[in-house]
Structures are given as structure tokens and as C-alpha cells.
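A.B. asks: No gaps in the numbering here: position 270 of the first sequence is 270 in the UniProt record's numbering, and each next residue is one more.
Honestly, I wouldn't trust all of these hints.
[Unchecked claim] In silico DSSO-like links for lysine-lysine, alpha-carbon gap of 30 Å or less: (1) 592 to 627; (2) 582 to 524; (3) 506 to 656.
[To be verified] Pair by pair, the computed Cβ-Cβ distance ranges are: (4) 654 to 625: 24 to 30 Å; (5) 592 to 687: 33 to 39 Å; (6) 660 to 530: 30 to 36 Å; (7) 578 to 255: 46 to 52 Å; (8) 686 to 605: 42 to 48 Å; (9) 592 to 265: 44 to 50 Å; (10) 530 to 605: 19 to 25 Å; (11) 348 to 663: 19 to 25 Å.
Just so you know, the hints here were simulated from the structure itself, not pulled from any lab data.
Quick reminder that beta carbons are idealized off the backbone N, C-alpha and C, glycines included.
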Amino acid sequence: MSAASALKEGKSVLIDRCNIDREQRADFLKLGGSGVQKHAVVLDLPAKLCISRSVKRTDHEGNLQGGKAAAVVNRMLQKKEAPKLSEGFSRITFCYIEKDVEAAINMYSALGPGDTLSSGCFGQKNPEAKIQLGIMKFLKKVDPPGKDRLVGSNSQNSPCSKTAEEKDSDLGRLGNHSAPLEHIHQDKKDSANSESATLSGIISVDSVPTLAFPSLSTADFHFNLEKASDIIVEKVGEFVTKLGNARLVLVDLSHGSKILSLVRSKAAQKNIDPNKFFTFVGDITRLYSGGGLCCNVIANASNWRLKPGGGGVNAAIYSAAGPELESATKEIAASLAPGKALIVPLPSTSPLSVKERVTHVIHVLGPNMNPQRPNYLNNDYVKGCKILREAYSSLFESFAAILRTKKSLPQESNEISLGSQNPLGRNCFDSDQKVKREAVDECEMNKKSKSLLKEVRHHVSHTVDQKANFETEKPERLEGILGKTGTYAKHSGDKRDSRDETGSKKVWGSWSQALYQIAMHPEKHSKDVIQILDDIVVLNDLYPKARKHLLVLARVEGLDGLADVCKEHLPLLNKMQEVGLKWVERFLNEDKSLIFRLGYHSVPSMRQLHLHVISQDFDSKHLKNKKHWNSFTTPFFRDSVDVMEEVNKHGKAIIKDDESFHSMELRCHRCRSAHPNIPRLKTHISKCQAPFPNVLVENGRLVFSPDHLNKCVHSS
DNA sequence: GTTCTAGAAC
DNA sequence: GTTCTAGAAC
Numbered sequence: 001m002s003a004a005s006a007l008k009e010g011k012s013v014l015i016d017r018c019n020i021d022r023e024q025r026a027d028f029l030k031l032g033g034s035g036v037q038k039h040a041v042v043l044d045l046p047a048k049l050c051i052s053r054s055v056k057r058t059d060h061e062g063n064l065q066g067g068k069a070a071a072v073v074n075r076m077l078q079k080k081e082a083p084k085l086s087e088g089f090s091r092i093t094f095c096y097i098e099k100d101v102e103a104a105i106n107m108y109s110a111l112g113p114g115d116t117l118s119s120g121c122f123g124q125k126n127p128e129a130k131i132q133l134g135i136m137k138f139l140k141k142v143d144p145p146g147k148d149r150l151v152g153s154n155s156q157n158s159p160c161s162k163t164a165e166e167k168d169s170d171l172g173r174l175g176n177h178s179a180p181l182e183h184i185h186q187d188k189k190d191s192a193n194s195e196s197a198t199l200s201g202i203i204s205v206d207s208v209p210t211l212a213f214p215s216l217s218t219a220d221f222h223f224n225l226e227k228a229s230d231i232i233v234e235k236v237g238e239f240v241t242k243l244g245n246a247r248l249v250l251v252d253l254s255h256g257s258k259i260l261s262l263v264r265s266k267a268a269q270k271n272i273d274p275n276k277f278f279t280f281v282g283d284i285t286r287l288y289s290g291g292g293l294c295c296n297v298i299a300n301a302s303n304w305r306l307k308p309g310g311g312g313v314n315a316a317i318y319s320a321a322g323p324e325l326e327s328a329t330k331e332i333a334a335s336l337a338p339g340k341a342l343i344v345p346l347p348s349t350s351p352l353s354v355k356e357r358v359t360h361v362i363h364v365l366g367p368n369m370n371p372q373r374p375n376y377l378n379n380d381y382v383k384g385c386k387i388l389r390e391a392y393s394s395l396f397e398s399f400a401a402i403l404r405t406k407k408s409l410p411q412e413s414n415e416i417s418l419g420s421q422n423p424l425g426r427n428c429f430d431s432d433q434k435v436k437r438e439a440v441d442e443c444e445m446n447k448k449s450k451s452l453l454k455e456v457r458h459h460v461s462h463t464v465d466q467k468a469n470f471e472t473e474k475p476e477r478l479e480g481i482l483g484k485t486g487t488y489a490k491h492s493g494d495k496r497d498s499r500d501e502t503g504s505k506k507v508w509g510s511w512s513q514a515l516y517q518i519a520m521h522p523e524k525h526s527k528d529v530i531q532i533l534d535d536i537v538v539l540n541d542l543y544p545k546a547r548k549h550l551l552v553l554a555r556v557e558g559l560d561g562l563a564d565v566c567k568e569h570l571p572l573l574n575k576m577q578e579v580g581l582k583w584v585e586r587f588l589n590e591d592k593s594l595i596f597r598l599g600y601h602s603v604p605s606m607r608q609l610h611l612h613v614i615s616q617d618f619d620s621k622h623l624k625n626k627k628h629w630n631s632f633t634t635p636f637f638r639d640s641v642d643v644m645e646e647v648n649k650h651g652k653a654i655i656k657d658d659e660s661f662h663s664m665e666l667r668c669h670r671c672r673s674a675h676p677n678i679p680r681l682k683t684h685i686s687k688c689q690a691p692f693p694n695v696l697v698e699n700g701r702l703v704f705s706p707d708h709l710n711k712c713v714h715s716s
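Please build the complete structure, drawing on both the sequences and the hints.
C.D. replies: Set out below in C-alpha cells:
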């Protein structure tokens, strides 16, 4: 049998069958032998859905149709017998709705070669009454009735339990469900650490305080992964021994996450106790419900304003935690400095508390190495590493503080409550008072960050040494600023007026300053910049919209965009074009098939006048939307030659700032055919060889190799 | 049900 | 500028 031989080769095998009763499953379970972990994913979807699917499925061997399908499904559902751990499964996941199925698929597809999942039963609904009554007995008796439906399978009765335990010690106990009985007993002795609860009818025994944290700064803040993984392992190694029985878990959502594998191997090299620290692939906001991993504390990769939104972990946590998190955070602090952490006790009404049993969120801010974001560190990894170390120290210290507050409490009753309505998740560390004090301490530390606000407001060098400036601030002044943080940042902190003498008030978002910084301090951006002259800087567009896409940047203060251009800039415009053409020449030497256009956006998104030098293949994964396309292919794109002519004639460039350009229909820039959406347009332009419209060929708007003239371009 | 876009966040 | 995602469009 192919499944058996694949298993022998050490492969993982997935059997997709309607194994609706125990007997049918037994044969498949035998295939595995004792060295193989056997998992079941039970799709117990609504009958209605099964029926409608059978009807739709025309290639079904049984050719089920209409009423016949309904009859078959009904008969199958009547016979169904849910799998049990005692049959030999080490893990069973129940799916009742599409979402469950999706979560299961995500969970399994995210597994890397070294990953494993905790054993136990997950997501099962309607546990029988005897199970609910039985948990105390379960804890005392080795072999309780109905044990097979309980999580934490009895090792004597599970054929695979040895494998499961071995795996457990490899990776740490991923979920508390997997805790072998002996461990549970041990943990119970330390009653302060023990906690049991029911959730949606699932019975679990959760005893180990756990902090789940994302890798800081490596996503949007572009921190080097090698360096980040060294720091994570270093800091985890430092703290893990100080945390008693508590665990640290590095979480990443993505499939085959590079940072997780780096950290895993480095942690193994350093012999860090895998029971105390391990990595986990999953959604940090659904660790318990989606992955069976109970983490009472989760870390949030925060932004300095402690605001929801943005992307990644921060957005996910705020959205999963509901408005409770935002208001709880707001009560404690208004901003967070890089390297700092802030403990926020999560209100028991927050969905994260109810569903995921999270009691505290620790906001933490790592260093920012992304030039597209404000206040980035300009590739200064000396400072970056220092701040990242500090961030992890702050995070783990905060977690330790939460643990301490828990220990200082009178011990909780050993009585274990049951009932799905009871959000017991909070009981374990419910000592808001002390935590609040801790939080206030953090808040004191955060005063430093208030000077950051001031930085942004009054001065603003994005590469400013924040630390140095913090020390110069006087707290009293800061309080005044802090009080208004919310609106303040909105109106002036986050955005700045350009110095436009004509009185037009173009407001630049904080994200739009990167080019300005590069123009002013190109030497600090050696990674991106490819040519530096007195009055011009050339760089590769960070998100090129074609095979070749350069920006020729003017180094004149106050020259933010085309609107600021006047006659005095004509020599500069001319030089920018010359420099651009030099680069085109180089590119054409490498690839004669390229065709270029040089021009400005009528209304640029990024501050500081820049000339786009862009090849007309538009072959780029970064070209994603209508605005991208239309900003290079409609009159919104102002050819350099035309701009210079207009400035020469009228002293000003003509600006097509009609917003409608961005929502114009998508037309091929060569044959002018219209396309319904970006993917179809991209398919078309990858093939279209029509000559370019005459209007582009005239006056030298297009730049190409002489060899090319007759092939792709009209000869006018 | 999946693909794609638009709008809001930074 | 990008990212994220709800919900429109297919």
C-alpha cells in the first residue's frame, strides 16, 4: 500500500476518507505502527452543506444526485462515531464550521519539518456531563471513566503516547493539553500556578504561565534576521532560568518562517531547555482556540503611539482584543519608546480574555530599520541591536513582574470550576493593583518617549538619536504635550506642512519623508543610493514598478514636488534628466529590449522632487493597483521633456492633479486596450507587442535603443 | 467561494 | 509610498 511505504520512507501521509466509525479507522491506524504520530481531523460540518456539496460534485464515483445525496449523507451521519484518543490517535481536531476547517488547514500547512503539534482533543463540542463532573477525578485517578475523551491522554492507554511524549520534550509542551498526567500532578502541587477551566465545552488543564511573543522588528521594521535571532536566543537564554516554571514561546504566523527556524537552531545550539522555550507557528491572537496553546500573556509588537491599526501583529492583537485593549492601554500610557515595554492587564470582557484566556498584553517596541517608516535607524545596527536587546529585556522583565504579582497573591483555591460561561482565564494572574503599579513604573520610563513626540513636532530629524534627546526633556513640559497626544499627533506630530511659499498647504504624512531624508543625508543611506552628486541623488526605487525603476532626486530644500518647480530650477531639471539618461544608457547596454520613460508625478506621494526613470515593461510584483498603473500611464505622469518645456515657456509645470486619473479605466499603454482589473491588465501587458502610441514617441518621450526603433515603435 | 479593489491605517 | 482587510464583484 502506498501509504504504508510512504510512512516507511519517513514521509507524512494524509488519508482523506469518510472513516465514520471506529472499525473503519482501525485499519488505517494500524498502518502507522508505534513510531508514527496519528492525528485525526474530524470534519463534522452541517448536513446541509454536505448534501449540497455532494450534489455539486459531478465527478463523484457514486454519482450522487439530489434527494439521493441527501439520503446518503443522512445515513452516513447517523452511523457516525467520533474518533477518540483511545483508538490510537495522539491528536484529534474537530471542525464544525468552515472556519474550523480553515484553521486546521492553516495549522497543518504551517508546520515545518521540525514542528509538531500538541497531543489531545481539540475543539470537540458537547462533551458529556460525566466528563464535566469528572475533571477532579481525572486529576486524582489514573484511569478515569471516559478518559478517552479527555485531553491529556493517559500514556498507558495510548499506543502513540510515547511518541507524543518524546515530541513533547523536543519542543516543549506546546499545549498544556499534552501534559502527561504525571506532569499535571506535579503542577498541581504548586497551586499558584495551576488553573483549569472549560471553554466552549473543552476541558483542559492549564498550569504553566506562558508568554507568547512575536519576533520584534523583523517584519515591518526590517531588522536583519540573523542579528535578530541571535538577540532573541541570547535574551531568552538570559531570562528563561529566572522564570521558574514559566515558558516563553516565539510565535510566527507564517509558513516556513525564517526567523523561527533560525531561532530554533540557535536555541538548540545553546541548549536552551525546550520545555521552557520553544517556537510556535500560529496566529498569536488564536493560540488557544486555534492551536491549543494556552498563553496567559502575549506580547504585542506595538507602535510608538500605542495605537491599533497598522499591520501585522499590532493590528491583529488590537482587533482580536476588541476596544477593551485600546482603552486599557490608553489609561496607562500614551506612547512607548523603542526598547520599552508596557504591561496592560486585559479586561475580562475582552474577547482575547474570554476566548484565548489571555490575562495581560505586554506592548513592546523594537528598533525600526525601515527607511519607509519614520524614525528609522539608518542601518545603524550598533544602536539597533542595543535597542532590540533592551526591548526583549523589557518584555521578559515585564512578564516576570506579572509572575511576581501572581505569586504575591493569596493562593487560589484548588477547586476547579467548570462551565463554559466562566472565563477563568483571568484568575491566574488577577492582581491588577500591583500590575498597575508596575505599569506606572513603565509609564515613568515612557516619559522618555514623550520627548519623541516633541521631537516629531518641533524638529524632526528622522535619524535623531532619540536617547540623547530624551535626557534633555523636562517632565513638566512633557506632561502638557502628553495630555494631548491623540489629537496632537494627528494634527501636527505626524504630518508636516511643506514650506510652500505659494500658500498651498500640502500636508505630508509621516511616511512620506523618506526621500527627503535621503536627499539631505544620502551618505547615511548607502544601501539604497547609487549615485551622489552635489545637487542630485540617484537611488533604486524601493518598490520598483518595472524591471528598471530609478528615482533621480533633487537635493534642494523646499523643492517637494512638481508644484514647487519654477524657472530657477530649470538647470536642475535639465541635469536630473541628463543623469537619468546616463543611467538609461547603461541599462540599454545590458538589455537592448528595454524602453524607458522619464517623468514626474503631478502630485507625488513622497516629499522631495524626484524624477522617475522607469522601463515600460511594468513587469513588477510591486505594481499592484490602479493608482500605480495610472500614475505612470496617464497624463498624471508628466514627461521630463514636457515639464522642462513648460517651465521654460510659462515658468511653471502643468500639473494634472485631477484625482480621477487614479481611478481611470485600465488601458494598455501600448495598444490602449481596456482591461477589467489589474491581474488581467498585467497578463495583457506581459504579451502586448503593439507599437507605442505616437504621442509618446514624438518629442523623445520614450527612450530606447536605436536597434529597437522599427520593431516596437511607430516610425512617425 | 474566490478574486479583487478601495479605504484606512501607518 | 505600503500593508491590511472588509466587502464588492465575479
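A.B. asks: Does each hint fit the structure? Answer for all of them.
C.D. replies: Right, here's what the structure says about each hint:
1. 592 to 627: Roughly 28 Å between the alpha carbons, so the hint for residue 592 and residue 627 holds.
2. 582 to 524: holds (24 Å)
3. 506 to 656: Within the cut-off at roughly 15 Å; holds.
4. 654 to 625: 24 to 30 Å: holds (25 Å)
5. 592 to 687: 33 to 39 Å: violated (20 Å)
6. 660 to 530: 30 to 36 Å: holds (35 Å)
7. 578 to 255: 46 to 52 Å: Taking Cβ atoms as reference, residue 578 and residue 255 lie about 47 Å apart, which means the hint holds.
8. 686 to 605: 42 to 48 Å: 26 Å Cβ-Cβ, so the 42 to 48 Å window is violated.
9. 592 to 265: 44 to 50 Å: The hinted range 44 to 50 Å holds for residue 592 and residue 265, with Cβ atoms some 46 Å apart.
10. 530 to 605: 19 to 25 Å: holds (21 Å)
11. 348 to 663: 19 to 25 Å: violated (46 Å)
Hints 5, 8, 11, counting from the list given before, are not met by this structure.
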